[in-house]
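Q: The residues making up each chain are set out below.
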Amino acid sequence: MDTELRTIMNEPAETLAGHTADRRGAFIEMHMKRVFVLVYRVVGNVADAQDLTQDVFIKALQREDQLRDGEKAAQWLSRIAANTAIDFLRRKGRATLSTIEELPELPDSGRMANPERILLSAESHQIFQDALQTLTPRERAALVLRDVEGADAETVARTLGCSKATVRSHIANARVKFRKFLRRRAAAAAPAAGQQRLDWRRDDDAVE
Amino acid sequence: MQLSEKEYALLAGGEAGFLTRLKARLASRGSRDQRTEDAAFSRIRAEMPRFRELPEYFAWDDLAAEMKANILVGVEAGEAIRSRPAPVAVGWKAGLAFTGIALMVVSGYWWQTPGRFASHEAPLVSVLEARPGGLELQNRGTALTVMYERDSGQQALSGGLGSVRADYVDEETGQLTVAHVYAE
Numbered sequence: 038m039d040t041e042l043r044t045i046m047n048e049p050a051e052t053l054a055g056h057t058a059d060r061r062g063a064f065i066e067m068h069m070k071r072v073f074v075l076v077y078r079v080v081g082n083v084a085d086a087q088d089l090t091q092d093v094f095i096k097a098l099q100r101e102d103q104l105r106d107g108e109k110a111a112q113w114l115s116r117i118a119a120n121t122a123i124d125f126l127r128r129k130g131r132a133t134l135s136t137i138e139e140l141p142e143l144p145d146s147g148r149m150a151n152p153e154r155i156l157l158s159a160e161s162h163q164i165f166q167d168a169l170q171t172l173t174p175r176e177r178a179a180l181v182l183r184d185v186e187g188a189d190a191e192t193v194a195r196t197l198g199c200s201k202a203t204v205r206s207h208i209a210n211a212r213v214k215f216r217k218f219l220r221r222r223a224a225a226a227a228p229a230a231g232q233q234r235l236d237w238r239r240d241d242d243a244v245e
Numbered sequence: 812m813q814l815s816e817k818e819y820a821l822l823a824g825g826e827a828g829f830l831t832r833l834k835a836r837l838a839s840r841g842s843r844d845q846r847t848e849d850a851a852f853s854r855i856r857a858e859m860p861r862f863r864e865l866p867e868y869f870a871w872d873d874l875a876a877e878m879k880a881n882i883l884v885g886v887e888a889g890e891a892i893r894s895r896p897a898p899v900a901v902g903w904k905a906g907l908a909f910t911g912i913a914l915m916v917v918s919g920y921w922w923q924t925p926g927r928f929a930s931h932e933a934p935l936v937s938v939l940e941a942r943p944g945g946l947e948l949q950n951r952g953t954a955l956t957v958m959y960e961r962d963s964g965q966q967a968l969s970g971g972l973g974s975v976r977a978d979y980v981d982e983e984t985g986q987l988t989v990a991h992v993y994a995e
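If you're matching them up, the sequences are chains A and B in order.
Heads up: the first sequence runs through residues 38 to 245, numbered per the numbering used here.
Heads up: the second sequence runs through residues 812 to 995, numbered per the numbering used here.
These are calculated hints, taken from the structure and not from any lab test.
There's no promise every hint is true.
Unchecked claim - A short, non-exhaustive set of chain A residues, derived as facing chain B with CB atoms under 7 Å:
| hint | residue |
| --- | --- |
| 1 | 67 |
| 2 | 69 |
| 3 | 90 |
| 4 | 91 |
| 5 | 98 |
| 6 | 125 |
| 7 | 126 |
| 8 | 128 |
| 9 | 162 |
| 10 | 184 |
| 11 | 185 |
| 12 | 190 |
| 13 | 192 |
| 14 | 197 |
| 15 | 199 |
| 16 | 209 |
Said to hold, decoys possible - If we take Cβ atoms under 10 Å as the criterion, some of the chain A residues that face chain B in the derived model are:
| hint | residue |
| --- | --- |
| 17 | 61 |
| 18 | 65 |
| 19 | 94 |
| 20 | 104 |
| 21 | 113 |
| 22 | 165 |
| 23 | 181 |
| 24 | 204 |
| 25 | 215 |
Note that the Cβ used here is the ideal one computed from N, Cα and C, for glycine as well.
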């Protein structure tokens, strides 16, 4: 798929005229899920993520000269996606930041004594999304790009248009808040506070 | 040697600097707490790539098809708009300059046109006068005179609407002569 797209993108303009729609279609299919997931994780709801993803691709396809190099195109697209999502939240004043203290309770409590384990539960996607809501938009984008997508810190810095030091700060804050959220969430899910101490260290003791 | 939570968070992703890594190595030798702290962040981070996928309840294929169609329509609509000739955009500064020049030209023309102030001079005066021999209309030294055959028994009436009427009756013939001059 990637090879096919690059081949089409590198053809001379005259040849491209015939299969513009195919080329665009292939480009959209190749990157849409990644872009949608990034935007969805930052804005936190499907309808907005859908609109913004469409905007991202329309903006990108209006500058098709930027899309000839597959790898650069992917990075450029991530940059547009992250900034579009962050700008959207800033413009609408919709960066809903939940405080970690105000956590909803989980229906099933017994199995979730360990903070990391709740990420393996059936509700993991919702928990993950709730945890992201405790971060600022830029922290969300940095965490998703670095830890979910696996981009290196330098790429994240280029994508977000900031320094590597700022990215490190965003990532460190994000991971600390994320972990705090999971611990609180696990504590809220404990059947009885006295019976099961929700100190995640106990699991490590057991392993050893 | 105690590391902060943020330092552990960076260690988990390999973003920590040399000094932090060194501190962590030294700390992990002495304390199990430090090791477990580091491991906790690492475990969370290890779970993260799972969220590259969307939850199963997402009808991704339908959503993707809808978005793809919308994107293609949006791109084509954008191209159609761009292919139309753009209207000439006049900035407010250019508009202001143009208005100033136009005002200057018009006012110059207005001031320079001869006879522009003629309306301020004394209006042309026509004098209509009833004389013993008839009616006379005088204007700038010329006169139009309606003469009667005789200079007796005539009556002169002046009208309010810029006209003068004079009539007389010939005693011999009994004929009535009316002269009505409208001055406009």
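Q: Now tell me if each hint is right for this structure.
A: Consistency of the hints with the structure:
1. 67: Violated: closest Cβ of chain B sits about 11 Å from residue 67 of chain A, beyond 7 Å.
2. 69: Hint on residue 69 of chain A: holds, closest Cβ of chain B at ~6 Å, below 7 Å.
3. 90: At about 6 Å, which falls below the 7 Å cut-off, the nearest Cβ of chain B leaves the hint on residue 90 of chain A intact, so it holds.
4. 91: 5 Å, holds
5. 98: The hint holds - residue 98 of chain A has a Cβ within 7 Å of chain B, the shortest such distance being about 5 Å.
6. 125: Not OK, violated: residue 125 of chain A not within 7 Å of chain B, min 16 Å.
7. 126: 19 Å, violated
8. 128: 20 Å, violated
9. 162: Result: holds, 4 Å to nearest chain B Cβ.
10. 184: Where the cut-off is 7 Å and the nearest Cβ of chain B is about 4 Å from residue 184 of chain A, the hint holds.
11. 185: Because about 5 Å separates residue 185 of chain A from the closest Cβ in chain B, which is inside the 7 Å limit, the hint holds.
12. 190: OK, holds: residue 190 of chain A within 7 Å of chain B, min 5 Å.
13. 192: Result: violated, 12 Å to nearest chain B Cβ.
14. 197: 14 Å, violated
15. 199: Cβ of residue 199 of chain A sits 14 Å from chain B, so the hint is violated.
16. 209: Holds - the Cβ of residue 209 of chain A comes within 7 Å of chain B, reaching about 4 Å at its closest.
17. 61: 6 Å, holds
18. 65: Constraint on residue 65 of chain A satisfied, holds at 5 Å.
19. 94: 4 Å, holds
20. 104: 12 Å, violated
21. 113: 16 Å, violated
22. 165: Residue 165 of chain A check passes; min Cβ-Cβ to chain B is 5 Å, inside 10 Å.
23. 181: Holds - the Cβ of residue 181 of chain A comes within 10 Å of chain B, reaching about 8 Å at its closest.
24. 204: 8 Å, holds
25. 215: 7 Å, holds
Checked against the numbered hints given earlier, this structure breaks hints 1, 6, 7, 8, 13, 14, 15, 20, 21; the rest are met.
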